[in-house]
Amino acid sequence: MLTTLNALLPVILVIASGHLLARVGLISGDQWRGIERLAWYVLFPSVLFLKTAVIDFSTLPALEMSAALLASIFAMGALILALRPMFEKVWAINGPRYTSIFQGSVRWNAFVALALGESLIGPVGVALIAVAMAVMIPVLNVMCVLVLSRYANAEPPTLKKTLKDLASNTFIMSIALGLFVNVVGLPIPAILNDTLGLFASAALPVGILCVGAGLDLAALRRPGPALTSGTLLRLILMPLMGAGFAWVFGVTGPALTAVIISLAVPAASNSYLMARQMGGDAKLMAEILTLQTVVAVVTLPLAVYLLGG
Numbered sequence: 001m002l003t004t005l006n007a008l009l010p011v012i013l014v015i016a017s018g019h020l021l022a023r024v025g026l027i028s029g030d031q032w033r034g035i036e037r038l039a040w041y042v043l044f045p046s047v048l049f050l051k052t053a054v055i056d057f058s059t060l061p062a063l064e065m066s067a068a069l070l071a072s073i074f075a076m077g078a079l080i081l082a083l084r085p086m087f088e089k090v091w092a093i094n095g096p097r098y099t100s101i102f103q104g105s106v107r108w109n110a111f112v113a114l115a116l117g118e119s120l121i122g123p124v125g126v127a128l129i130a131v132a133m134a135v136m137i138p139v140l141n142v143m144c145v146l147v148l149s150r151y152a153n154a155e156p157p158t159l160k161k162t163l164k165d166l167a168s169n170t171f172i173m174s175i176a177l178g179l180f181v182n183v184v185g186l187p188i189p190a191i192l193n194d195t196l197g198l199f200a201s202a203a204l205p206v207g208i209l210c211v212g213a214g215l216d217l218a219a220l221r222r223p224g225p226a227l228t229s230g231t232l233l234r235l236i237l238m239p240l241m242g243a244g245f246a247w248v249f250g251v252t253g254p255a256l257t258a259v260i261i262s263l264a265v266p267a268a269s270n271s272y273l274m275a276r277q278m279g280g281d282a283k284l285m286a287e288i289l290t291l292q293t294v295v296a297v298v299t300l301p302l303a304v305y306l307l308g309g
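The numbering used here numbers the first residue of the sequence shown as 1 and each following residue consecutively.
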């Protein structure tokens, strides 16, 4: 447990630093949005391309990991859909608010997961989290777009637009390109490798700072059933599901730790953007993201220690 906490503490401190920098106004809101775009379009794609381009899949249980992760997110998605009538009748949670609960429960923050993968597992941890991203990002994007289209009263997107959104996702593009280079066996020129390596070295600290800058602690003063549900489903039930499916599919060792990290981190910060753009409850989404980040300080090390092998 102490080892897990020691690995998590630097990540927590960087998140807190990001929040402090935003609160004191040293970096303005517009500047943070620019930094987020830099991380999204340049820094993290560099990490993902370099890692996936050199992954030796013969040494990673990619198939077993993928099965456990997909089973977990499909099971959680099915559960939340089944609970839709209860949310509406018991707590009067409308469609837009329901979509924020759905997003908050199934999506994950790859920025945090990558940082924890490296801290807890080492270099192979980044490769394992990259495998998780290649599997989960496109599936979760499709799931959330469909749920928002159905319940948020937004204009349903066309199949063409959905495919375009997936194809233009920088994480998916960089992973796909890296996998192509890996499979074909193309060499990466030294100059390009060194340049991307410099970008990659900045990705994790910058991404984690952005997570902290996005926290809104004032939103936690009056937690209601929607906020609580979106947090507990993600941080408690999801890692338990992951541990169960990992056992079913025989995922052990560092791969098990990567599965638990991927399913126990808070939801993705871009969930807020999707909620705002597609008619979801963006305010509730921001509150869920904030509460999850705060609560995960306790639940995440416990999940990794108790379930992560």
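Everything labelled a hint here was simulated from the structure, so no lab data went into it.
Computed from a predicted model, the values in this text were never measured in an experiment.
Here a beta-carbon is modelled for each residue, glycine too, at the ideal position from N, C-alpha and C.
Be a bit skeptical, because a hint or two may be false.
Label pairs and their in silico Cβ distance ranges [said to hold, decoys possible]:
id, residue 1, residue 2, range
1, Arg23, Pro123, 33 to 41 Å
2, Pro123, Pro187, 19 to 27 Å
3, Leu217, Ser28, 16 to 24 Å
4, Leu306, Val184, 38 to 46 Å
5, Pro187, Val42, 19 to 27 Å
6, Leu273, Leu13, 20 to 28 Å
7, Val42, Leu163, 21 to 29 Å
8, Leu217, Pro10, 16 to 24 Å
9, Pro123, Tyr41, 18 to 26 Å
10, Ala16, Ala202, 31 to 39 Å
Hints and how they fare:
{"no.": "1", "hint": "Arg23 - Pro123: 33 to 41 Å", "result": "holds, 34 Å"}
{"no.": "2", "hint": "Pro123 - Pro187: 19 to 27 Å", "result": "holds, 20 Å"}
{"no.": "3", "hint": "Leu217 - Ser28: 16 to 24 Å", "result": "holds, 19 Å"}
{"no.": "4", "hint": "Leu306 - Val184: 38 to 46 Å", "result": "holds, 41 Å"}
{"no.": "5", "hint": "Pro187 - Val42: 19 to 27 Å", "result": "holds, 23 Å"}
{"no.": "6", "hint": "Leu273 - Leu13: 20 to 28 Å", "result": "holds, 26 Å"}
{"no.": "7", "hint": "Val42 - Leu163: 21 to 29 Å", "result": "holds, 24 Å"}
{"no.": "8", "hint": "Leu217 - Pro10: 16 to 24 Å", "result": "holds, 21 Å"}
{"no.": "9", "hint": "Pro123 - Tyr41: 18 to 26 Å", "result": "holds, 24 Å"}
{"no.": "10", "hint": "Ala16 - Ala202: 31 to 39 Å", "result": "violated, 19 Å"}
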